[in-house]
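Top line first, the protein sequences correspond to chains A and B.
Okay, so the first sequence: first residue is 1 according to the working numbering, each after it adds one.
Okay, so the second sequence: first residue is 1 according to the working numbering, each after it adds one.
Hints were generated in silico from the structure; no laboratory data involved.
Please read these numbers as outputs of a predicted model, since none were measured by experiment.
Treat the hints with care, since some could be wrong.
Claimed, not checked - Taking lysine to any residue pairs in the SDA-like style, the calculated list, with each CA pair at most 20 Å apart, reads: (1) A:Lys-116 - A:Glu-98; (2) A:Lys-89 - B:Tyr-216; (3) A:Lys-89 - B:Val-298; (4) A:Lys-214 - A:Tyr-11; (5) A:Lys-89 - B:Gly-3; (6) A:Lys-89 - B:Thr-199; (7) A:Lys-116 - B:Gly-3; (8) B:Lys-9 - A:Lys-89; (9) A:Lys-116 - B:Thr-213; (10) A:Lys-46 - B:Thr-213.
As the list claims (entries may be wrong) - Not everything, but these chain B residues come out facing chain A in the computed CB check (under 10 Å): (11) Gly-3; (12) His-7; (13) His-10; (14) Arg-20; (15) Ala-21; (16) Arg-200; (17) Glu-203; (18) Leu-205; (19) Val-206; (20) Ser-207; (21) Leu-209; (22) Ile-210; (23) Thr-213; (24) Tyr-216.
Cβ coordinates follow ideal geometry from the N, Cα and C atoms, glycine included.
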Amino acid sequence: MISFSQVTKRYPGGHEALSGINLAIEKGELVFLTGHSGAGKSTLLKLIAAIERPTSGVVSVSSQNVGRLPLRAIPYLRRNIGLIFQDHKLLFDRNVIENVLLPLDIAGFDRRESLKRARAVIDKVGLLKREKASPISLSGGEQQRLCIARALVSRPALLLADEPTGNLDAGYAADIMAMFSEFHQVGTTLVNATHDDRAIAALGGRTLRLDHGKVMEGSA
Amino acid sequence: MIGWLRHQKHAFTAALHRLRAQPVASLLTALAMGVAISLPSGLFLALGNLERLAGDLPAQPEISVFLEAGASTAQKHVIAERLKQADIAAAHYVPKDDALAALSTAQDLADIAAGLTHNPLPDAWVVRPQTTSREELVRVADNLGKLPGVAETHLDSQWADRLQAALAIGRTGVWLLAGLFAIALIAISGNAIRAQVLTRRDEILVSRLIGATDRYIRRPFLYLGALQGLLGGLAAGGVLAIAGEILRGPVERLAGLYGSVFHLLPPTPIEIVVVLGLTALFGWLGAWLSVTRALRQVEAAR
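Only chain B is shown next, with the shape it has when bound in the complex (with noise of 0.2 Å):
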């Protein structure tokens, strides 16, 4: 155990060596990856913010109840104590006035209220389920739909629906980016270790015949593909910095204007540990796949 550990001083140490030796090649390396990890990583906080600002918004879906022209206020008082119930999170009366009143004062729809003789719609309900599942709305819009008294239920839900879709396509998409940026991130570490390899050859080859395991020479070269992996972790959470500071003000001018007051939030220290902790380790992995593959053709070669 003791040697073991002394092997992974030993192996950390030497890469820390390796990487401030090539400093120029260490850093476009950790640029290189940083550039390639900022784009799942700058799309995934986009859409981390983008539900955030779709959670603000009434998504939840809505029941509208129109009562029939000719129901009576026992029928009204049925229904009103029927919306009371657990299943309704909340629902609000629009008498048929306030309906036309709030037609005549939509900008498209005026001039069809202005030349309405007599009011043609109905008295209704607004309501919001405390469900949001599609099975369950239906359900208590169908419920509703039998009281007496109720000429029809619409269910309003249509919107929101569209809304989660598309923003699991996002999410859908940010991880499939997210996959190939990791492909690219082991192909970019790989290809630094195997120069390292290369340039190392014969370090390798005197190591292995004075009693080194393939473990032993392999060891500092995955130690810096990790470091190689984390440093561009760090360098795509700069990029990232950069980028939200350069959107921060036209994000918040735009949300103003639509009367809202919106800020673009950073990554949690979750989220940041996480992408640290993925990086090194495809920088790990592109590191492996290398030295493992340059090892044997050193053998081969020798």
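This is chain A alone, in the form it adopts within the complex (with noise of 0.2 Å):
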């Protein structure tokens, strides 16, 4: 499903992020991405999300070429992903409900459905009892769940996530890997970059550390 052949990634100023990178996570596969900060496992997110493009090399998601994808091209790409941010990128003048449908209002549900989906996703991450409330009001914790919420209410083939459990309490974070391993058992395929050990010791899959821009080892 996504293969990384010989990618660098150079950000304007000369810093390296990803140093000829090759591997292929398979369709279905749930895979870990470890590593200290700013080894390279955002920047590898964002370029299967076409958020970037890699200096040379080749991104390919279902067999796509994200790297050379027309711009106008990319926004079907990405409502096939879930994309959980590290900073949660919520909108503050819209309360939780309305965050959660803003993938379904870009994809055209139909309003009704899209009520039952989202409310559906709310309360599967704790939040039911706020849709109503604005992000602004909810601790940091919340707010990543909110996050989640948005990104698995178009139930998308992938999902990526960068650190999602990372400023959650242990309960909502076991809650939250079970969720995701629900969505794994039904076929998303899953990146997730993480430090959260326990996660990656109860759910399993593959781990990729990635080391100044390089892939150092891969266990499964």
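Both chains are given apart, each in its own frame, so use the hints to dock them into the complex.
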């Protein structure tokens, strides 16, 4: 489903975030990206979602060379990807349910179906009682859960998560990981950048350790 | 198709929310647009009323046919018969005595008429042809001039030509002004939308990250621009209605002084629909230009 062939990403100023990466992630696979801060985990996720373009090499998602994808085609690629951001990227002038509805509105879903889906996923992340609340009134952990709900609501084929449980307490982190496991079991491909060893141990899957922009090791 | 309609409905609702969220700013933008539109629209209405007034006047060109002093009764009969033909709309005979009497009553010429020892004026016909085209009028005048017993003809269409030329200049001026104010309208709408885009920068970036196309992002702003244009058109209607009410009394008094009954006419329903449609279109166009440029800037700054 995802392949990197000799992929290098160099940012303006010369910092090389990824250096000649080669990897393949199969459809339905669960992959953890680990490594210290600045190892290149977030950059790798951004390249998959076409948020960044590689400096050289080929990034392929569902047989599409996303590095050469025309700008107008990128939104359609992203509609099949659930993105969970480290900094949540929530809209503070919309309430909880409106934030979760956004991907469905963009995809042109029927309003009644959208509300049903949104409430179901908000319930799953434990925010149903706060569906009318502004995200600004939520704690860091609740904001992270809201971000996860927004990523999951469109039932994407590929889920990219950048430190999804970093701000959550152990109980909610376990719930979120259980939810990821459910999605993984129905065929969703999951790429999860994390430092959470308990999650890695609980869910299994493959681990790719990045160090200074290179894949150092992989384990299954 | 259903998805497209859902997007339109969603964008329209979002535009209404944005309009309601900033009522004072929306009102001020609509007022600025209204004032910009009211000037060419007001001139257009004034010109329409002026053309109506000109239409009430004997703007039709006339030909004066002066007879020879010794024209015979038979010749006068031939001329009268010729003036009954289809190319002549109306003709009336002015005997030389009537012409002198009219001259004697004219304020500036009374002294001259009193000093005359005999009547030097000829008998004449005042002819109004069917045609208004300059070439045709010249042809009719030449034709009448060749009749036996006719001394000369005088085509009197100059003042009507001048009036029509002045009105044509007025019409051109109104269109030029309308063009300039359309540009102003696009600029006002573009500026208002640009401010909206910049305040919604985060929303645009997040929407893009989760799969929104530029078309999806642009759509609510386009509806917002069109709605603001529409409100501007309605504001212009209000300005013109108030101006019309203020001017109605003085115009009718002035017309009364000239022994005329003249009422200012309001715009027709079709004119109202056209103006509202155009203002909505210009608002939309301003929004399109602004949001397209702003989206590029947001992308570049990311």
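- Does the CB of Ala-21 (chain B) sit less than 10 Å away from some CB of chain A? This interface hint holds because 9 Å falls under the 10 Å limit.
- Message: Run the distance test for Lys-46 (chain A) versus Thr-213 (chain B): straight-line Cα separation, threshold 20 Å.
- Response: This hinted pair holds, its Cα atoms lying about 18 Å apart.
- Task: Take the C-alpha atoms of Lys-116 (chain A) and Gly-3 (chain B), compute the straight-line distance between them, and say whether it is at most 20 Å.
- Result: 18 Å, holds
- Item | Interface hint status, Arg-200 (chain B) versus chain A (Cβ within 10 Å) | Hint holds; Arg-200 (chain B) Cβ to chain A Cβ min 9 Å, cut 10 Å.
- Task: Have a go at the Ile-210 (chain B) hint: is there a Cβ in chain A nearer than 10 Å to its own Cβ?
- Result: At 5 Å from the nearest chain A Cβ, Ile-210 (chain B) passes the 10 Å test, so the hint holds.
- Any CB of chain A closer than 10 Å to the CB of Val-206 (chain B)? Since the shortest Cβ distance to chain A is 5 Å, the answer is holds.
- Ser-207 (chain B) as chain A interface residue, shortest Cβ-Cβ below 10 Å: 7 Å, holds
- Message: Need the status of pair Lys-116 (chain A), Thr-213 (chain B): alpha-carbon distance at most 20 Å?
- Response: Violated: Lys-116 (chain A) and Thr-213 (chain B) sit about 24 Å apart, past 20 Å.
- Query: Against chain A, with CB atoms and a cut of 10 Å, does the hint on Arg-20 (chain B) hold up?
  - Reply: Given a least distance of 13 Å, the restraint on Arg-20 (chain B) is violated.
- Task: Given the hint that Lys-89 (chain A) pairs with Gly-3 (chain B), test it: the Cα-Cα distance must not exceed 20 Å.
- Result: Roughly 26 Å separates the two Cα atoms, so the pair is violated.
- Hold the hint about Leu-209 (chain B) up to the distance rule: shortest CB distance to chain A must be less than 10 Å. 6 Å, holds
- Message: Does Tyr-11 (chain A) sit within 20 Å of Lys-214 (chain A), going by the straight-line distance between their CA atoms?
- Response: Distance of about 16 Å is within 20 Å: holds.
In summary, the structure is inconsistent with hints 5, 8, 9 and 14 from the numbered list given earlier, while agreeing with the others.
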